[in-house]
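Each chain is listed here by its residues.
There are 2 protein chains.
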Amino acid sequence: MLSESGCRQRRAKLWARLPESITAAIVADPRHVSYLTNFRVQPLSFSRDERAILLLERDGGSADHDGAGKATLAADNFTAKSADGEAFYDSLLEVPWYDHVHSVTNRDHATFAALAKRGSIGGKTLLEAEWCPAMVGEVCRDSLKTDAELHFQCPATGERVSLGTLLRDLRRQKLPDEIECLNWCMRAGDAGHAKAFEVIRPGVTDLEVYNAVATACNEVAGRPGIVYGDWRSTRRGRGKAGGLPVGETLEQGDLFILDYSFVLHGYRSDFTNTYAVGEPSARQRELFDACHSALKAGEGVLKAGAKASAVYDACSGVLVDAGFGKLSHHAGHGLGMGHPEPPIEVPESRDELRENDVVTLEPGSYHDDIGGVRVEHNYRITATGYERLSNHRIALTR
Amino acid sequence: MLSESGCRQRRAKLWARLPESITAAIVADPRHVSYLTNFRVQPLSFSRDERAILLLERDGGSADHDGAGKATLAADNFTAKSADGEAFYDSLLEVPWYDHVHSVTNRDHATFAALAKRGSIGGKTLLEAEWCPAMVGEVCRDSLKTDAELHFQCPATGERVSLGTLLRDLRRQKLPDEIECLNWCMRAGDAGHAKAFEVIRPGVTDLEVYNAVATACNEVAGRPGIVYGDWRSTRRGRGKAGGLPVGETLEQGDLFILDYSFVLHGYRSDFTNTYAVGEPSARQRELFDACHSALKAGEGVLKAGAKASAVYDACSGVLVDAGFGKLSHHAGHGLGMGHPEPPIEVPESRDELRENDVVTLEPGSYHDDIGGVRVEHNYRITATGYERLSNHRIALTR
Numbered sequence: 001m002l003s004e005s006g007c008r009q010r011r012a013k014l015w016a017r018l019p020e021s022i023t024a025a026i027v028a029d030p031r032h033v034s035y036l037t038n039f040r041v042q043p044l045s046f047s048r049d050e051r052a053i054l055l056l057e058r059d060g061g062s063a064d065h066d067g068a069g070k071a072t073l074a075a076d077n078f079t080a081k082s083a084d085g086e087a088f089y090d091s092l093l094e095v096p097w098y099d100h101v102h103s104v105t106n107r108d109h110a111t112f113a114a115l116a117k118r119g120s121i122g123g124k125t126l127l128e129a130e131w132c133p134a135m136v137g138e139v140c141r142d143s144l145k146t147d148a149e150l151h152f153q154c155p156a157t158g159e160r161v162s163l164g165t166l167l168r169d170l171r172r173q174k175l176p177d178e179i180e181c182l183n184w185c186m187r188a189g190d191a192g193h194a195k196a197f198e199v200i201r202p203g204v205t206d207l208e209v210y211n212a213v214a215t216a217c218n219e220v221a222g223r224p225g226i227v228y229g230d231w232r233s234t235r236r237g238r239g240k241a242g243g244l245p246v247g248e249t250l251e252q253g254d255l256f257i258l259d260y261s262f263v264l265h266g267y268r269s270d271f272t273n274t275y276a277v278g279e280p281s282a283r284q285r286e287l288f289d290a291c292h293s294a295l296k297a298g299e300g301v302l303k304a305g306a307k308a309s310a311v312y313d314a315c316s317g318v319l320v321d322a323g324f325g326k327l328s329h330h331a332g333h334g335l336g337m338g339h340p341e342p343p344i345e346v347p348e349s350r351d352e353l354r355e356n357d358v359v360t361l362e363p364g365s366y367h368d369d370i371g372g373v374r375v376e377h378n379y380r381i382t383a384t385g386y387e388r389l390s391n392h393r394i395a396l397t398r
Numbered sequence: 001m002l003s004e005s006g007c008r009q010r011r012a013k014l015w016a017r018l019p020e021s022i023t024a025a026i027v028a029d030p031r032h033v034s035y036l037t038n039f040r041v042q043p044l045s046f047s048r049d050e051r052a053i054l055l056l057e058r059d060g061g062s063a064d065h066d067g068a069g070k071a072t073l074a075a076d077n078f079t080a081k082s083a084d085g086e087a088f089y090d091s092l093l094e095v096p097w098y099d100h101v102h103s104v105t106n107r108d109h110a111t112f113a114a115l116a117k118r119g120s121i122g123g124k125t126l127l128e129a130e131w132c133p134a135m136v137g138e139v140c141r142d143s144l145k146t147d148a149e150l151h152f153q154c155p156a157t158g159e160r161v162s163l164g165t166l167l168r169d170l171r172r173q174k175l176p177d178e179i180e181c182l183n184w185c186m187r188a189g190d191a192g193h194a195k196a197f198e199v200i201r202p203g204v205t206d207l208e209v210y211n212a213v214a215t216a217c218n219e220v221a222g223r224p225g226i227v228y229g230d231w232r233s234t235r236r237g238r239g240k241a242g243g244l245p246v247g248e249t250l251e252q253g254d255l256f257i258l259d260y261s262f263v264l265h266g267y268r269s270d271f272t273n274t275y276a277v278g279e280p281s282a283r284q285r286e287l288f289d290a291c292h293s294a295l296k297a298g299e300g301v302l303k304a305g306a307k308a309s310a311v312y313d314a315c316s317g318v319l320v321d322a323g324f325g326k327l328s329h330h331a332g333h334g335l336g337m338g339h340p341e342p343p344i345e346v347p348e349s350r351d352e353l354r355e356n357d358v359v360t361l362e363p364g365s366y367h368d369d370i371g372g373v374r375v376e377h378n379y380r381i382t383a384t385g386y387e388r389l390s391n392h393r394i395a396l397t398r
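If you read the protein sequences in the order shown, they are chains A and B.
Here UniProt numbering is used: position 314 in the first sequence is 314, and no number is missing along the way.
Here UniProt numbering is used: position 189 in the second sequence is 189, and no number is missing along the way.
It is possible that some hints are incorrect.
The list treats identical chains as interchangeable, and a pair is accepted whether it falls inside one copy or across any two copies.
Said to hold, decoys possible - Here are the simulated lysine-lysine pairs, DSBU-like style, with alpha carbons at most 35 Å apart:
hint	residue 1	residue 2
1	K240	K81
2	K296	K117
3	K124	K145
4	K117	K240
5	K81	K145
6	K307	K117
7	K70	K307
8	K296	K70
9	K81	K303
10	K81	K326
Hint data in this document are derived by calculation from the structure and do not stem from the laboratory.
These figures come from a predicted structure and were not determined experimentally.
So that you can see chain A by itself, here it is in the shape it has in the complex (with noise of 0.2 Å):
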């Protein structure tokens, strides 16, 4: 969960960021309107497909000390009661789409009459034009009567910049409730890598691994989370392989790369580790040491103003000088309510870390005639390296 004043914080960087002459902003993408109010619709109930709108104002009011401004959102009531845990917004208008006697209506139109509740602000109201409904454009015009703007010209550099992608860059650098969230869901996931060295062998199937994944993750978050990722054995013939689960059996031999997430509130962890089914064989163990290398040369690149593409750089060359060619993919990624987003580790990645990123390393090599092997680790970059935030032990065998 965010806090209160990580929420005000955010929305001080907002508008320090935006021009004078943008009074407002409305917010649409369900992860920006989290992002700056904790306000999320619970993924995991009726209403998991459901939206709320964040009208921001610049001028805050009297209570205004830190440069928050004010923060309004609109949500019909069903949507409102399934928030997952506490908000922190000034006000809420609400529309009651569903009083459990009558029919209902479109329940767009609940949250967009919410929205028209306001009344009128006049001046410029910057849109979230990548996820505002052309309807709210309406609602603007007509009720708050303001002037809908889609972009701004951004104060520093004179450039045309959209809202979503003044925010997408703001996620980077993540304040310590969003640290702190992404450490509930490293926990969760530490305790299902401890759980996949139980139960894979051979005999029993993906899905089994991913239920038991599942049911530890859960029981350390202390509630259901969102699960997803790769759950596949790789193996003579098929060396690379990812994705959900579908049911197949394990064999010995089989290299299982098990590389996901756990999600709790928008935030995620994601860290692999590579679990050999039944005995690996001499080749299987070179090819699993050679990726852990790879994943300790891209760690001592890991710190602030480093380039991106030095990391990938640091892990592939471990994995050619080891014989097993380059790198195929990234070798890491940028990671919170999104994934992956920047900072990419690629070859002509143009990214720098930035202190407070939040990073995966996870160098893979997949060879048909040994199987594949990935193992990751997420870390926080500091001004001076990194503080690696998952725990969990890579290693072929328990």
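Dock chain B against chain A, hints included.
Same frame as chain A, now just chain B:
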């Protein structure tokens, strides 16, 4: 999964309801993109919060013999590859957002750039203005060279209607491929309830029940699904409780209301049984039997053309006659890609049941001196009555 012929039939039904002056439509609610093409981002994937945009054109060219027109999907390359199953459209406009070699830019902008690749279509394009991002309006103006409309005038009634409202209305009457998808959820849901009889007893936690039931569902579905609903014990002093499990331990004498949904490909089951934790009291048995009788009374009303309010009246009447007071919530609701959705079975409902509506019946009664009971089945409405889709055992004890 939806079928190609089902998707084409749904598109043809849509065009038949739109005035001739509308030559194109842009659909953006992910539920509706799936409804019309079977394209759905797998929610258990790293692309879980991403979207594609669907452009429909009335003139489907020479190959269009069924009135389905032409369907074009616009997506970034990673969203396109995160599809859950095969999708049915005439062409895909894809933009390579990420290639494992270069940095990435705003992923949403890649989707809009993909749509812009279609080039000029002219005419009038109806936007699904509830979900179409404002930035799609720019694409319409600058690239598609089409007039974007947020509403249309219904040819039959003359009313001003939105595309979202029309699609919600069309969604009520399910085609056979949708029923097949719902039945897949039902079979998994049945297995979860069977498992609940095994695991619910004093000393286990609600979270353990969740994990065991979810595991049973996933095994029968053959893949992981989304599990949500009510997973809580009621007891003396707490006649009503709901929502996700919180790790609370079940106690002798509790009534555990397990009202849950299993979601596959956006469709869901939603049925309930109430489980006695240990040996139930005589009063708990009476309450249970009254709710079960209320369910049977509701079944007697189900039929195309019946008033949804009459379903409520039938269920509530049984509870009143048994001395437990009137039903305090809906007797049930429509079910499919949303929850709840019309028809709404409540006292003041103006809805009528239609053939191929899929609905729940879920009478319940909650008392601080007894605990709470709710029982529920799911049904497809037919001309003469109903087909029951759920097959779990409704009983307090094994």
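Outcome of the hint check:
| no. | hint | verdict |
| --- | --- | --- |
| 1 | K240 <-> K81 | between (43 Å within a copy, 16 Å between copies) |
| 2 | K296 <-> K117 | neither (56 Å within a copy, 43 Å between copies) |
| 3 | K124 <-> K145 | both (9 Å within a copy, 27 Å between copies) |
| 4 | K117 <-> K240 | between (54 Å within a copy, 33 Å between copies) |
| 5 | K81 <-> K145 | within (29 Å within a copy, 41 Å between copies) |
| 6 | K307 <-> K117 | between (48 Å within a copy, 33 Å between copies) |
| 7 | K70 <-> K307 | neither (38 Å within a copy, 46 Å between copies) |
| 8 | K296 <-> K70 | neither (46 Å within a copy, 52 Å between copies) |
| 9 | K81 <-> K303 | between (42 Å within a copy, 32 Å between copies) |
| 10 | K81 <-> K326 | between (50 Å within a copy, 24 Å between copies) |
Hints 2, 7, 8 from the list above are not met by this structure, while the remaining hints are.
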